[in-house]
Every structure is written in C-alpha cells, then in structure tokens.
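Chain by chain, the residues:
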Amino acid sequence: MLDAVYHIKSFCHIKNNTVSLNDSILYQDKTSGFSEFIKAAYKTIETNYPKFFKMDNLSKLSFLAADILLKNEGLDTEVDNNIAIIFSNKSSSLDTDRKYQESIQNKNSYYPSPAVFVYTLPNICIGEISIKYKLYSENSFFIFANFNAEHLFAYTNSLLLTNKANEVLCGWVEFDDQHYEAFLYLVSKEGTIEHTTKEITKLYQNQKTT
Amino acid sequence: MEGLKQELKEKIIEQLNLEDIAVAEIQDNDSLFGDGLGLDSIDALELIVMLDKDYGIKLTDPKEGKKIFQSIEIMANYISEHRTK
Chain X
1 MLDAVYHIKS FCHIKNNTVS LNDSILYQDK TSGFSEFIKA AYKTIETNYP KFFKMDNLSK
61 LSFLAADILL KNEGLDTEVD NNIAIIFSNK SSSLDTDRKY QESIQNKNSY YPSPAVFVYT
121 LPNICIGEIS IKYKLYSENS FFIFANFNAE HLFAYTNSLL LTNKANEVLC GWVEFDDQHY
181 EAFLYLVSKE GTIEHTTKEI TKLYQNQKTT
Chain Y
1001 MEGLKQELKE KIIEQLNLED IAVAEIQDND SLFGDGLGLD SIDALELIVM LDKDYGIKLT
1061 DPKEGKKIFQ SIEIMANYIS EHRTK
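One line per chain: the protein sequences are X and Y, in this order.
The opening residue of the first sequence carries number 1 in the numbering used here; numbering runs sequentially from there.
The opening residue of the second sequence carries number 1001 in the numbering used here; numbering runs sequentially from there.
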C-alpha cells in the first residue's frame, strides 16, 4: 500500500545565506549574519506579516520557507486547505531554550520573558504557519540526529493514503547558534518529481547556491 | 512626563519587536491593543515584566494591566505615580 506514488510539487531551501525555490535563487546575501539575512529575505520576498518580527529564529526560518512554498500555491485561505505539516530537526528549540535559561539564570535579575518562553518548543513554528494559512490539519515535529528521508517519506505517504491530508508540507528546519538550514517540500498527487526517499535525499543535498 | 512618554514608545517598539512602527507614529492616546498598535496577550505579559524590570512596579493581578496599558498617556501617568526606580 505504501508503494503508491505521490509527487514533490515544489521545494524550498534556506541555507548559506541563500533562499531558493525549485532551484531558482530568490534571495542571496553572503555577507550578513542570520538576523539581518532573514529580515532582508523577508522584505525581498514581500511576506508582509508583522508578527514575523516577534518570532524566534527557528520560527522565522520555518515560517519564511513555508510561506514561500504556500504563497507559490496561490491558496485561498477562506476555504479548507487540508495540508498537513510534518517537520523535523536535530536541535529542537535548544537555541531559544538557552536564551530563556539566560533570562532566569541570575536570581538578582530574574525577569523571565513571556515572549521568549512561548517559543521554547520546536512545534511552535508549525503553529505560526497554521495561523497565517488557516490550516487546521494534522501536524508533527520529529527530532532526529540527521535528516531522515525514510521517516518523512513513510509518515507523509501514510497521511495521504489514509486521507488524513490532501497534501503534506514537510522537511527539515534546523537552527542552533549560528548554524541554520531549512529544506521544505510539498507532497501532492500533482507534480513532476516522484516522491521517493531517493529524490527527497537528492533534493536535500543539492541546494543551488550560484 | 513628555520624556517618559517618549521613553515608553521607544521601549515598546524595541522590546515588542514592532519592526514596522516608528516612535512618531504612536500618538499618546492611541490604543495599544485591538485596533491601535495591535498588541496581543503575550505583549501584555511582556509589558508587565517591563514595568517590574525598568520601573520597579510589580503587578500581582495581570487584569490590572488592562487598565494601565490602554495608551501611552495612561501608562506614563501610572508609572509616574507608582515607580520605585
């Protein structure tokens, strides 16, 4: 049953200060740090969602990659779009967890930030995307030591085969300290790239940077 | 008082990450929540922390914030009367 063929409709990379959609570079700035880079990318891509600036780094990264893919679909958010979201990474929300820990480390300066605390779970980024696109769909966030194409493939196919979702937005969104990497792809009945672990791995490994 | 109002506007923009809003755009009597600046419940909690950290004012009941955070004008008056630092 899991052999049924679905397709990868589109894919997005954000890595090495480069944003690309289906192997076309949308934005690139090789000189700036993550904060400046992601803000400039947001403006270039015309995401126009002020809450973006309140998000933690993992959510900014995930949100922008997802927004690029979903905007490309021209979705009508007033109808029910049954797009499941399945994300994964290695460091969970550790980068934000550390920031929160710092704010409660010193008993003489104990001011825990509510705005930081709300991002101390990795799946919050899925919530941000679901709010923007009004998705009431299935979602999960998995933690793996490395990118796990087999798991994403099996889970996605299971959701599609059991009609839990019409499409699945899935992939890898990792942020820890200065290291960041997003690779998201949309799986559907339509598309030209076969949804197989081989193709997923190939797309993940081959981000175009020039 | 004018200095405090200016300071509050700058702090709100910086601490609540209101990237697209400039100090000059916030009027003293603008609503901070709802149709005004559009702040949300997490922002309200962040403002409560700011009162404690920067002005030594501890709000024990978060509902108090609803009255105090109506506008910059009301916030500045409240802080002037209750600040301990």
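Mixed in with the good hints, there may be bad ones.
Quick partial rundown of chain Y residues pointing at chain X, CB under 8 Å, derived from the structure [said to hold, decoys possible]: (1) GLU1010; (2) LYS1011; (3) GLU1014; (4) ASN1017; (5) VAL1023; (6) LEU1045; (7) ASP1052.
None of these hints come from the bench; they were simulated from the model.
Since we're looking at a predicted model, the values are computed, not measured.
Positions of the beta carbon are idealized from the N, C-alpha and C atoms, including for glycine.
Comparing the hints with the structure gives:
Using the Cβ-Cβ criterion of 8 Å, the hint placing GLU1010 of chain Y at the interface with chain X is not satisfied: the shortest such distance is roughly 16 Å. Taken as an interface hint, LYS1011 of chain Y does not check out: its beta carbon lies about 14 Å from the nearest beta carbon of chain X, beyond 8 Å. Checking GLU1014 of chain Y against chain X: minimum C-beta separation of about 11 Å lies over 8 Å; hint violated. Interface hint at ASN1017 of chain Y: satisfied, since its Cβ lies 4 Å from the closest Cβ of chain X, which is below the 8 Å cut-off.
The restraint placing VAL1023 of chain Y at the interface with chain X is violated, with a minimum CB-CB distance near 16 Å, outside the 8 Å limit. Using the Cβ-Cβ criterion of 8 Å, the hint placing LEU1045 of chain Y at the interface with chain X is satisfied: the shortest such distance is roughly 4 Å. At a threshold of 8 Å, the smallest CB-CB gap from ASP1052 of chain Y to chain X is about 7 Å, leaving the interface hint in force.
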